[in-house]
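Participant: When you get a sec, could you build the whole thing from the sequences and use the hints?
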Amino acid sequence: MTSKTANLACKKSKRCAYSSLSHFNAPDADVVIRSSDNVEFHLHKKNLEFSTGAFPPAETPVYLNETVSLTESAATLDIMFQFVYPKRYPHLDKVKFEALMLLAEAAEKYEHPKRILEFAAMHDYRGTVEELAVILLDSPISDLVDILPSMIYKPWSIHREKWMVELQRAAQPPYGWHHLSCQWNQVVHEVQQQLKKPSDLKSPHLDGIFAKCLADHLGLKPCCTKDPEKWQNNIKASVNDIQPFVLS
Numbered sequence: 001m002t003s004k005t006a007n008l009a010c011k012k013s014k015r016c017a018y019s020s021l022s023h024f025n026a027p028d029a030d031v032v033i034r035s036s037d038n039v040e041f042h043l044h045k046k047n048l049e050f051s052t053g054a055f056p057p058a059e060t061p062v063y064l065n066e067t068v069s070l071t072e073s074a075a076t077l078d079i080m081f082q083f084v085y086p087k088r089y090p091h092l093d094k095v096k097f098e099a100l101m102l103l104a105e106a107a108e109k110y111e112h113p114k115r116i117l118e119f120a121a122m123h124d125y126r127g128t129v130e131e132l133a134v135i136l137l138d139s140p141i142s143d144l145v146d147i148l149p150s151m152i153y154k155p156w157s158i159h160r161e162k163w164m165v166e167l168q169r170a171a172q173p174p175y176g177w178h179h180l181s182c183q184w185n186q187v188v189h190e191v192q193q194q195l196k197k198p199s200d201l202k203s204p205h206l207d208g209i210f211a212k213c214l215a216d217h218l219g220l221k222p223c224c225t226k227d228p229e230k231w232q233n234n235i236k237a238s239v240n241d242i243q244p245f246v247l248s
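Each residue of the sequence shown is one higher than the one before, starting from 1 at the first, in our numbering.
Certain hints may be false.
Said to hold, decoys possible - Computed list of lysine-lysine pairs in DSS-like fashion (alpha-carbon distance at most 25 Å, straight line): (1) K202 with K230; (2) K212 with K202; (3) K212 with K197; (4) K226 with K212; (5) K230 with K154; (6) K114 with K45; (7) K197 with K114; (8) K197 with K154; (9) K197 with K162; (10) K196 with K212; (11) K236 with K197; (12) K236 with K202; (13) K230 with K162; (14) K226 with K196.
I should point out that these hints are in silico values taken from the structure, not numbers from a laboratory.
Being a predicted model, the structure only gives us computed values, none of them experimental.
Facilitator: Following this line, the structure appears as structure tokens:
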């Protein structure tokens, strides 16, 4: 599919928010990416490899101009790939919230979020920075020190510190829950082993952690069954008290 055909397909289907794909139709391209709505992007692997560690995916063909199909739409890929090439950064201030979230998810999947964050912070796209704070919650603040300006770095670090404090607190059952049951001790140990990063405190991750640990220890005493639920609800309540990251 040529760029012109791709543009026409986007306009007819009305599924593509962006149709200016001519900048992704390089004659010397060595990899072709096909979106979920059948739009092709003719790209250079060297740019992809330089910009991200997770893309192209492991199943990317090694043959020249072989096509790799992705699950993202052309609209999402069109924005994301603009971050791959120098001097092609797009304007994100007019991107709708739903499209922005799809971009953030794709960026996380292919390890682009930090580059997008750097660009958004540089141009003071605060809404974009706030949304990326959710995606990059698990990233150590040391990884972002050279990306974020001081006016964003300070509130970002404070916000993440709140999550890290809660992560440490969540790893301990509420005071006073002492059991002689070996199974209970095993449940506690397994939950603690699974709570490794801030995003583990969010649903559905948290629900999955407790569900798996309880499933691994069927036949618990009634008291040992109720206490994990109390523990889980306690974590959820504390997490709900953490305010979303907002730049004033």
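Participant: With reference to the structure, classify each hint as holding or not holding.
Facilitator: Hints and how they fare:
no.	hint	in the structure
1	K202 with K230	holds (16 Å)
2	K212 with K202	holds (15 Å)
3	K212 with K197	holds (17 Å)
4	K226 with K212	holds (15 Å)
5	K230 with K154	violated (34 Å)
6	K114 with K45	holds (20 Å)
7	K197 with K114	holds (18 Å)
8	K197 with K154	holds (20 Å)
9	K197 with K162	holds (12 Å)
10	K196 with K212	holds (15 Å)
11	K236 with K197	holds (15 Å)
12	K236 with K202	holds (8 Å)
13	K230 with K162	holds (22 Å)
14	K226 with K196	holds (23 Å)
In terms of the numbered hints stated before, the structure departs from hint 5 and from no other.
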